[in-house]
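Asker: Sequence:
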Amino acid sequence: MEYLLLIVEAREDRESRSEDEGRALYDEMVRFGEDLTAREKLLASRSLRPDKHGVRIQQRGTRPTLLDGPFTESKEMVGGFYLIDCASREEAIAIAGQCPAARFAIVEVRECAPCYVG
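For what it's worth, full-length UniProt numbering labels the leading residue of the sequence shown as 1, then goes sequentially.
FYI, nobody ran anything at the bench for these hints, they're computed from the structure. Zero decoy hints are in this set.
Using C-beta positions, here's what the derived DEER-type ranges look like:
id : residue 1 : residue 2 : range
1  : Ala102    : Ser18     : 19 to 27 Å
2  : Thr62     : Met1      : 33 to 41 Å
3  : Ala44     : Leu67     : 25 to 33 Å
4  : Asp13     : Gly61     : 33 to 41 Å
5  : Glu19     : Arg56     : 24 to 32 Å
6  : Ser18     : Ser88     : 35 to 43 Å
7  : His53     : Arg23     : 16 to 24 Å
8  : Gly97     : Gly61     : 40 to 48 Å
9  : Glu108    : Leu67     : 16 to 24 Å
10 : Arg39     : Arg60     : 43 to 51 Å
11 : Arg14     : Thr62     : 36 to 44 Å
Quick reminder that beta carbons are idealized off the backbone N, C-alpha and C, glycines included.
All chains should be modelled from the sequences, with the hints used to inform the complete structure.
Answerer: This is the structure in structure tokens:
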């Protein structure tokens with residue numbers, strides 16, 4: 001089964017870190033991904049730029065509406081993700097608990113499934 005580990009962090013956390021602190025955390029996350037790769041669990045991973053660089057698109061009727069970030073209605077942003085392959089939800093949760101981001105953010109575990117599955 002595929003699970004997505006979403007790294008959900010407070011928007012201001014990245015801005016409050018020094019570049020050296022940010023690089024050290026990033027290096028930890030890269031090593032975590034390398035370990036998952038060695039264990040044949042990692043399918044994909046990416047770090048994401050802050051949501052101030054994002055855009056939301058919504059189409060109602062014939063015209064799309066675009067909303068540039070940052071998105072003021074949320075205090076958190078998705079900072080990155082790991083897509084992993086696990087035998088069970090419990091295994092995915094155990095892996096999420098090993099993620100360095102669990103110390104400074106929230107790691108949300110989501111099972112991948114068709115959108116019509118409740």
